[in-house]
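Can you make the complete structure from the sequences, with help from the hints?
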Amino acid sequence: MNDTIERQEYLQQLVHDLLGEAKKLGASAAEAGVSSDSGLSVTARLGEVETIEHTRDQGIGITVYFGHRKGTASTSDFSPEALRDTVRAACNIAKFTTDDPCSGLADPELMATEIPDLDLFHPWDIEVDEAVALCVECEHSARELDPRITNSEGASLNTQRGLQVYGNSHGFIGGYPSSHHSLSCAVVGQQGGSMQRDYWYTSARTPGELEAPAAVGRRAGERTLARLGARRIGTRVAPVIFQAEVAVSLLRSLVGAISGSALYRHSSFLLDQLGQPVFPEFVRIQENPRLPRGQASAPFDNEGVATYAKDLVTGGILQSYLLGSYSARKLGMQTTANAGGVRNLIIESGNLDLSGLLDAMGEGLLVTEMMGSGTNLVTGDYSRGAAGFWIKGGEIQHPVEEITIAGNLKAMFTGLQSVGRDEERRGSIRTGSWLMAPMTIAGE
Amino acid sequence: MTSPCEIARATLLTPANLQESDLNRVMDHLLSTQVDAADLYFQSSRLESWVLEDSIVKEGSYNIEQGVGVRAISGEKTGFAYSDEIELNRLLEAGRTARAIAVGGGNSRIKVSGGASVPAYYPSMNPLQSLNEVEKIELLRSIDAEARSQDPRVTQVIASLVAVHDIILVVGSDGSMHGDVRPLVRCNVHVIVEQNGKREQGSSGGGGRSGLQFFLDHQRALAYARTATRQALVNLEARDAPAGTMPVVLGPGWPGVLLHEAIGHGLEGDFNRKGTSAFSGRLGERVAAKGCTVVDDGTLPNRRGSLTLDDEGVPGQRTVLIENGILKGYMQDRLNARLMGTQSTGNGRRESYAHLPMPRMTNTYMLPGDHEPEAIIASVAKGLYAVNFGGGQVDITSGKFVFSASEAYLIENGKVTHPVKGATLIGNGPDVLTKVSMVGNDLQLDEGVGTCGKEGQSVPVGVGQPTLRVDELTVGGTNY
Numbered sequence: 001m002n003d004t005i006e007r008q009e010y011l012q013q014l015v016h017d018l019l020g021e022a023k024k025l026g027a028s029a030a031e032a033g034v035s036s037d038s039g040l041s042v043t044a045r046l047g048e049v050e051t052i053e054h055t056r057d058q059g060i061g062i063t064v065y066f067g068h069r070k071g072t073a074s075t076s077d078f079s080p081e082a083l084r085d086t087v088r089a090a091c092n093i094a095k096f097t098t099d100d101p102c103s104g105l106a107d108p109e110l111m112a113t114e115i116p117d118l119d120l121f122h123p124w125d126i127e128v129d130e131a132v133a134l135c136v137e138c139e140h141s142a143r144e145l146d147p148r149i150t151n152s153e154g155a156s157l158n159t160q161r162g163l164q165v166y167g168n169s170h171g172f173i174g175g176y177p178s179s180h181h182s183l184s185c186a187v188v189g190q191q192g193g194s195m196q197r198d199y200w201y202t203s204a205r206t207p208g209e210l211e212a213p214a215a216v217g218r219r220a221g222e223r224t225l226a227r228l229g230a231r232r233i234g235t236r237v238a239p240v241i242f243q244a245e246v247a248v249s250l251l252r253s254l255v256g257a258i259s260g261s262a263l264y265r266h267s268s269f270l271l272d273q274l275g276q277p278v279f280p281e282f283v284r285i286q287e288n289p290r291l292p293r294g295q296a297s298a299p300f301d302n303e304g305v306a307t308y309a310k311d312l313v314t315g316g317i318l319q320s321y322l323l324g325s326y327s328a329r330k331l332g333m334q335t336t337a338n339a340g341g342v343r344n345l346i347i348e349s350g351n352l353d354l355s356g357l358l359d360a361m362g363e364g365l366l367v368t369e370m371m372g373s374g375t376n377l378v379t380g381d382y383s384r385g386a387a388g389f390w391i392k393g394g395e396i397q398h399p400v401e402e403i404t405i406a407g408n409l410k411a412m413f414t415g416l417q418s419v420g421r422d423e424e425r426r427g428s429i430r431t432g433s434w435l436m437a438p439m440t441i442a443g444e
Numbered sequence: 001m002t003s004p005c006e007i008a009r010a011t012l013l014t015p016a017n018l019q020e021s022d023l024n025r026v027m028d029h030l031l032s033t034q035v036d037a038a039d040l041y042f043q044s045s046r047l048e049s050w051v052l053e054d055s056i057v058k059e060g061s062y063n064i065e066q067g068v069g070v071r072a073i074s075g076e077k078t079g080f081a082y083s084d085e086i087e088l089n090r091l092l093e094a095g096r097t098a099r100a101i102a103v104g105g106g107n108s109r110i111k112v113s114g115g116a117s118v119p120a121y122y123p124s125m126n127p128l129q130s131l132n133e134v135e136k137i138e139l140l141r142s143i144d145a146e147a148r149s150q151d152p153r154v155t156q157v158i159a160s161l162v163a164v165h166d167i168i169l170v171v172g173s174d175g176s177m178h179g180d181v182r183p184l185v186r187c188n189v190h191v192i193v194e195q196n197g198k199r200e201q202g203s204s205g206g207g208g209r210s211g212l213q214f215f216l217d218h219q220r221a222l223a224y225a226r227t228a229t230r231q232a233l234v235n236l237e238a239r240d241a242p243a244g245t246m247p248v249v250l251g252p253g254w255p256g257v258l259l260h261e262a263i264g265h266g267l268e269g270d271f272n273r274k275g276t277s278a279f280s281g282r283l284g285e286r287v288a289a290k291g292c293t294v295v296d297d298g299t300l301p302n303r304r305g306s307l308t309l310d311d312e313g314v315p316g317q318r319t320v321l322i323e324n325g326i327l328k329g330y331m332q333d334r335l336n337a338r339l340m341g342t343q344s345t346g347n348g349r350r351e352s353y354a355h356l357p358m359p360r361m362t363n364t365y366m367l368p369g370d371h372e373p374e375a376i377i378a379s380v381a382k383g384l385y386a387v388n389f390g391g392g393q394v395d396i397t398s399g400k401f402v403f404s405a406s407e408a409y410l411i412e413n414g415k416v417t418h419p420v421k422g423a424t425l426i427g428n429g430p431d432v433l434t435k436v437s438m439v440g441n442d443l444q445l446d447e448g449v450g451t452c453g454k455e456g457q458s459v460p461v462g463v464g465q466p467t468l469r470v471d472e473l474t475v476g477g478t479n480y
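Going line by line, the protein sequences match chains F and W.
Mapping of the first sequence onto the numbering used here: position 229 corresponds to residue 229, and the numbering continues sequentially without gaps.
Mapping of the second sequence onto the numbering used here: position 97 corresponds to residue 97, and the numbering continues sequentially without gaps.
Just so you know, these hints were derived from the structure itself, not from any lab.
Incorrect hints may have been included.
In silico negatives: residues of chain W with every beta carbon more than 10 Å from chain F [claimed, not checked]: (1) 6; (2) 7; (3) 156; (4) 173; (5) 370; (6) 393; (7) 416; (8) 428; (9) 454; (10) 458; (11) 478.
So the derived label-pair ranges between C-beta atoms look like this [to be verified]: (12) W:145 to F:5: 34 to 42 Å; (13) W:113 to F:92: 34 to 42 Å; (14) W:113 to F:191: 50 to 58 Å; (15) W:341 to F:193: 23 to 31 Å; (16) W:88 to F:192: 55 to 63 Å; (17) F:119 to W:126: 45 to 53 Å; (18) F:46 to W:282: 16 to 24 Å; (19) F:47 to W:116: 48 to 56 Å; (20) F:9 to W:54: 47 to 55 Å; (21) W:54 to F:92: 19 to 27 Å.
Note that the Cβ used here is the ideal one computed from N, Cα and C, for glycine as well.
This is the structure we're talking about:
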């Protein structure tokens, strides 16, 4: 712990020195961010250790402003000469960029004045041998599940701890430590001549909140087995459920469409929708950036602006965009403390669990995996590869593969029928499964 | 002229005052009786980028990255550590960490010496200095002006210019030392058009392993601006894409992403050694129609995916993957080649010193056949003609792959009729090429913008193909 405090003081001093160097070189304003992480990554496959990686990453980035001209540089080399070169490179770039009235630091009165402890730092002092043993246990529980599990990509344990520090020439400087741990497993099953692979993982800020290794392995094995015998279905229009893990990607599209850079470039299908209904009335979506132990929690954003909880959607109405100070100025608005992205997005759950949603759908497609990137955020046109299960009478009939699902995100959002209470909580976006209005499924 | 290896030594070892005797010492520490192989990977990378938007160059950035990765291999086990400081004590420390993979002691003595020189497929130049700043900015402005002059419906042009100067040095436990200097440039243009409240986008770009002059030669940058604008305007007129299984004609060049996803990844050595690929154990079998020959070729001069040396010091090669429809070979790095009892094919690649090498593609393409592209289109009664794509993805175990069209047209009665919206195409890797019934005589390689992701690591790659007719592919439109 003392090491961490010392390291943070060292990084804050670096930021301080860089800002001073920028000022010396004539910059009217500057901001700098540093990150420093270390960790261990271990993989075991077929019961034996496969890789042991010790990771240690650091980087420092500085942006300088000469009036409204901007230059940026970064380095992984923290030697005094490299740091000086980096500031000089940023200043040199600013000589050639064009004056942009919207560019600059966030407004000084928005800087975080206190940095609350969000309980993000729970380092794991695990020995390599111990980590290997957990991976072996995890993979074993997947492989022993069923003789049809014939092969494995192994199980991996990852643990990381790090520090973030940011400062700017308003006099703001702040930092905080955080940790992140995960355990994952992927196995291959075989039935007839065909193979299927699936995986499961657990992730948390503290090791104690990770799912047990045997449970992770078992889930990976069950998911793989469930996919065996997958087949195509005929082209049709049918209702679709996005299981919670893949429903996350729909909220990610929402984030992309209401983020400042897409809006000021007029490249969003949700342009000018503030105050308009974009979901049915039952939908409430919040951002909670200061959630204790949250996967994406942060006390301030990438510009030092204090983060705050807010509703993005209430009663189906779009309440807020996601803006940093640059896009806010471009739009004639105020930053929403979202420089660097969204932090803990949560959609309110309904009453039904997944099987309740399946009953409500009756007949249709349960999507459990998506492939490819076929989302056009300018128009909302949506077309992606999918795999999952065909549902009839609320029951799984058979696994499905090699199909696509298509529609338009705007209509998909307004046509949302129900959000399950089977909440996916492992990432920066939390959601239950989504029951959608009918979509086009292309297959045989 | 100074050799790439001399440049790499001067850049990476000299400033740290590292002598050959120091490298011998690190290797001696790293090797034990149970370590089969080890390597040190030194890297220094400089990246510069400029972005134009709203008709002004509002952003530029410069990135310095350097460090050394230390790897020890024992059987199927790998130990790995790295340091972003190139310094003897750090090297020794990383070496101790990496060798912990193997139990037992005992040293073997290694003498590091230079490796044989190999033919270079690109110049040992620094592309950051190939144009001055004013010229770089002028280039971006000319792209903006060209795009906007095409049509008044253009509302936004985003253009970027990136140059990377990458210098690597690989020291192997066989005593070899190889250096490579890798220039890489890239230019991207993204255009938004608007008409009666309806908006669409188009993109284009290119690049390769050369200087920025590349974009001025043949007015390439201006051609990207015109292509992106044309594509955006075409998409403005696009109708809903069809849904279902139908014949698909893929245009030449970038649609070769089909080969990268459908078969390329499945033929990487690691998946085949582990038996997790849908192509595992299928060497010598028919996996494509007669007339289909697919190669992975790291030796094409100045191409984005080309490698004079791979990241394990193995010279870039041309590897035949499929010959006249028959599966001939896998792409290998040293580890997987050794475990499969074969040779590396020069496909050992890593994103940086902080990542482990794996078998990866370089430039993957299909050789031309003898059909005129017009005749291929004319052969289709009802189907899709897809000429541009975004990215793709593959599940190597089930073999299912997708790739997303960003510019496509309907074919009706042998004629290209009207544009349709982008749609994802999905198929099964091991049999999609058996459905290729016509191969065009118009082989093209892509413009040089491809980036491939695998296990979280990104590397630059190339793809290419002639016009192809695939008799059956599932098109993920909405119109059913």
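Hint-by-hint comparison with the structure:
Listed as a non-interface residue, residue 6 (chain W) keeps its Cβ farther than 10 Å from every Cβ of chain F; the least gap is roughly 22 Å. Every Cβ of chain F is farther than 10 Å from the Cβ of residue 7 (chain W); the closest lies at roughly 19 Å, confirming the non-interface assignment. With a least beta-carbon separation of about 5 Å from chain F, residue 156 (chain W) fails to lie farther than 10 Å from that chain, contradicting its non-interface assignment. Listed as a non-interface residue, residue 173 (chain W) keeps its Cβ farther than 10 Å from every Cβ of chain F; the least gap is roughly 18 Å.
For residue 370 (chain W), the requirement that its beta carbon stay farther than 10 Å from each beta carbon of chain F is met, with the minimum near 31 Å. The claim that residue 393 (chain W) is not at the interface with chain F is violated, since a C-beta of that chain comes within 10 Å of its own (minimum 5 Å). Once the 10 Å rule is applied to beta carbons, residue 416 (chain W) is consistent with being away from chain F; the minimum gap is 21 Å. Separation of residue 428 (chain W) from chain F is inadequate, the least Cβ-Cβ distance of about 6 Å not exceeding the 10 Å criterion.
Residue-level check passed: residue 454 (chain W) sits 13 Å from the nearest beta carbon of chain F, beyond 10 Å. Even its closest Cβ contact with chain F, about 14 Å, leaves residue 458 (chain W) beyond 10 Å, as expected for a residue assigned away from the interface. The claim that residue 478 (chain W) is not at the interface with chain F is violated, since a C-beta of that chain comes within 10 Å of its own (minimum 5 Å). Taking 34 to 42 Å as the suggested C-beta distance range, the pair residue 145 (chain W) and residue 5 (chain F) does not conform, at roughly 54 Å.
Separated by about 40 Å at the C-beta atoms, residue 113 (chain W) and residue 92 (chain F) satisfy the suggested range of 34 to 42 Å. Separated by about 53 Å at the C-beta atoms, residue 113 (chain W) and residue 191 (chain F) satisfy the suggested range of 50 to 58 Å. Taking 23 to 31 Å as the suggested C-beta distance range, the pair residue 341 (chain W) and residue 193 (chain F) conforms, at roughly 26 Å. The hinted range of 55 to 63 Å is satisfied by residue 88 (chain W) and residue 192 (chain F), whose Cβ atoms lie roughly 57 Å apart.
Look at residue 119 (chain F) against residue 126 (chain W): about 47 Å separates their beta carbons, and that is inside 45 to 53 Å. Against the hinted window of 16 to 24 Å, the Cβ-Cβ separation of residue 46 (chain F) and residue 282 (chain W) comes to about 22 Å, which satisfies the hint. Under the hint 48 to 56 Å, the C-beta atoms of residue 47 (chain F) and residue 116 (chain W), about 41 Å apart, miss the expected range. Distance hint check for residue 9 (chain F) and residue 54 (chain W): the Cβ-Cβ separation is about 41 Å, which falls outside the suggested range of 47 to 55 Å.
In this structure, residue 54 (chain W) and residue 92 (chain F) meet the distance hint of 19 to 27 Å, their C-beta atoms being roughly 23 Å apart.
Violated hints for the displayed structure, listed by number in ascending order: 3, 6, 8, 11, 12, 19 and 20.
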